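S.K.: Spelled out from the first residue to the last, the chains are:
Number of protein chains: 2
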Amino acid sequence: MPRKRVTLADVARRAGLSTTAASMILNGRPDTRLSKEAHERVHAAAAELGYRPNVAARGLRTAKTLTIGFVSDTVTTTRFAGGLIKGALEAAEEARHVVLLAETGGESEREAEAIAALLDRQVDGIVFATVRARELFVPALPEGVPAVMLNATSSRFPATVLPDEEPGGRAAVRLLVDAGHSEGIALIGQSDTAERDVFRSRTIARRVAGIRGEMADKGLGFVAEESIWMWEPQHGYDAVLDLLRRRTDVRALLCMNDRLAFGAYQAAAELGLRVPDDLSVVSFDDDEVAAYLRPGLTTIGLPHEAMGRRAVELLLGREPAGEELVPMPVVERASIGPPRGR
Amino acid sequence: MPRKRVTLADVARRAGLSTTAASMILNGRPDTRLSKEAHERVHAAAAELGYRPNVAARGLRTAKTLTIGFVSDTVTTTRFAGGLIKGALEAAEEARHVVLLAETGGESEREAEAIAALLDRQVDGIVFATVRARELFVPALPEGVPAVMLNATSSRFPATVLPDEEPGGRAAVRLLVDAGHSEGIALIGQSDTAERDVFRSRTIARRVAGIRGEMADKGLGFVAEESIWMWEPQHGYDAVLDLLRRRTDVRALLCMNDRLAFGAYQAAAELGLRVPDDLSVVSFDDDEVAAYLRPGLTTIGLPHEAMGRRAVELLLGREPAGEELVPMPVVERASIGPPRGR
DNA sequence: TGTCGGCGCTAAAACCTTTTAGCACGACGG
DNA sequence: CCGTCGTGCTAAAAGGTTTTAGCGCCGACA
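Protein sequences, first through last, are from chains A and B. Following UniProt numbering, the numbering of the first sequence begins with 1 at its first residue and continues without gaps. Following UniProt numbering, the numbering of the second sequence begins with 1 at its first residue and continues without gaps.
Calculated from the structure, these hints are not laboratory results. Please read all numbers here as calculations on a predicted model, not as lab measurements. Incorrect hints may appear among the rest.
Since copy identity is lost for identical chains, a pair holds within one copy or between any two.
Below, computed lysine to any residue pairings styled on SDA-like, alpha-carbon distance capped at 20 Å [to be verified]:
#1 K64 with E319
#2 K36 with P158
#3 K218 with R5
#4 K4 with P146
#5 K64 with D120
#6 K4 with Q122
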């Protein structure tokens, strides 16, 4: 490796031209009238010396750093944020951008710190992501710095990328109906009567609306609705175990997420019920565990990677901002079967 | 938000001093002999204007950007990298640094691209991480740019952070022995006879050495060793199901990772065996699923977060480089019990 | 009497790039 | 012969910071 980084001046010197000329040629400015051979000499010199422009110096002049900031509340819990980040990273890479990562842990003080740190580095834009879709209060940014919300919303920034939950909810119901279920379907994790007027999140509300809408369209109703606050396996286990002991007419479970479904599997096993023979299960997220379960869990996936990608495309593109809904994929595995007596 | 960013010149002007003076005062240079009141005026002006130094411009002069690069092969598979990144992020934040993330997917071409992109942004150092600990071929970096390997090794860079696998392996064995197991212990995922001379990774080799060392010290041997290539639930399930059908004297499973243990749980359930009454299980990683299983899986954790943190501390500190081993925590849950007949 | 160092500060260079303004020169139209 | 235009290129400024070199004055010291 060279001792010193080679600079534009080095290239220009070697080509026998001014740095201005070298700059213009390397940046392919259209209106210039430098000679053919000047072009050749500069390109040759740059190649021979292995010249790479200093992005920091360029940024100083142009106020563009080819760098975007990604601030999320949590990067680690589950691998949710991982998918968002991966998609963002890929889209950024394609646009020859690079991403600065910052984590806030949900604390607004750290968030302010993080934003300032990013701004100090002259980022070209910022995407704000949350792991559980929610309204985020984001301080104003200096003008000229665009922002897009990822799996979150903000009154300040209209550009938003969210999963398209309503059709997702409908799809889940349809999977059960198409398999022949019409009675004995229980909803796990959400109960309108128990949670009336409680705010979970905008996206969850839409998911529920989709589910109820599709049930209504088919003229169906749930045989039971279990309200669960924390959507973790333990609570899914408790609630489903209780439910299945109380009622013997439950044939299918519509779980609000995969971790609840995970607990439901455990409860079913406890009672000697087989999935999907005795009990069909469908849920949401396409979490890592969904593939590990046996039989594999059929689920409506959260399209994290696509969302992350879309967010930076929106940030970098000059499209008018708005709410963008990314379709949720149906991931069919083996947890749904035809209804059977028990 | 202000229309234009306030610059050092603005502060100096308002304080009635030169930018030089303002710079010296704000940076707290020790040898300077500017007056007390000059200090006050400058600090007051900076505070009133909300001045923040332009890190890019400063970096141009000082060749320090308070930015470090984090290049990993995969950011998303499992949430492994997530822990590494989180630790790194926290340590960086404490040192007022910020991290530039790049992903290579393991392809050396993308890696070279990523490194160049980071270097173009004048990062102060780079940490190279892999998800599965392995030797990484890293191209030379320009001098003055330090690097540390995280969960990976490189012949070029001696600074390395790895989990301390040998004691980890010993601890796993000790957990079983302390619970009273001496016979009927099976090793799942690794078989020396089947995999002689096969290279998995440096860390896995040490884990195995620890396991065998401790077994030998206690005068014990495995009742069976199942070689498994892909450490995924499906394969754990297949191997353990087969094993438990073949032999009825297996009382404890030492699994090479939590996903294999997950499969083992499923196999045990299939055969009507209860964990830990009929079968004790211990494994490695403290993966997310370990807490979801019932009973909770006792496991030797991979200290990802501490490793990530240590890596940037090493990168930023001026300590002499070497191999640093981070202790693996014993995470006791409920999957180990006293041996019992079957 | 000459020199030296301390004082409190500043002008200018340096970092690397892009952008603006313009130079010298020849050709060409009127 | 004068003005204009096109050609191929460069000097210099700009962007925001840090660093180096030094200025003008005064008191102390040899």
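S.K.: Decide, hint by hint, whether the structure agrees.
M.R.: We went through each hint and held it up to the structure:
1. For the identical chains of this complex, K64 and E319 are intra-copy neighbours only, at 18 Å inside a copy versus 36 Å across copies, given an alpha-carbon limit of 20 Å.
2. Within a single copy, K36 and P158 get their C-alpha atoms no closer than 47 Å, and across copies no closer than 48 Å, so neither meets the 20 Å cut-off.
3. For a Cα distance limit of 20 Å, the shortest separation of K218 from R5 qualifies neither inside one copy, at 68 Å, nor across copies, at 58 Å.
4. In the homo-oligomer, the alpha carbons of K4 and P146 lie at most 20 Å apart only across protomers (15 Å), although the nearest pairing inside one protomer, at 35 Å, exceeds that limit.
5. Proximity of K64 to D120 under the C-alpha cut-off of 20 Å is found in both arrangements, the shortest distances being 13 Å within a copy and 14 Å between copies.
6. Taking the shortest Cα distances, K4 and Q122 sit within 20 Å of each other only across copies (13 Å), while inside one copy they are farther apart (25 Å).
Against the hints set out earlier in the document, violations occur for numbers 2, 3.
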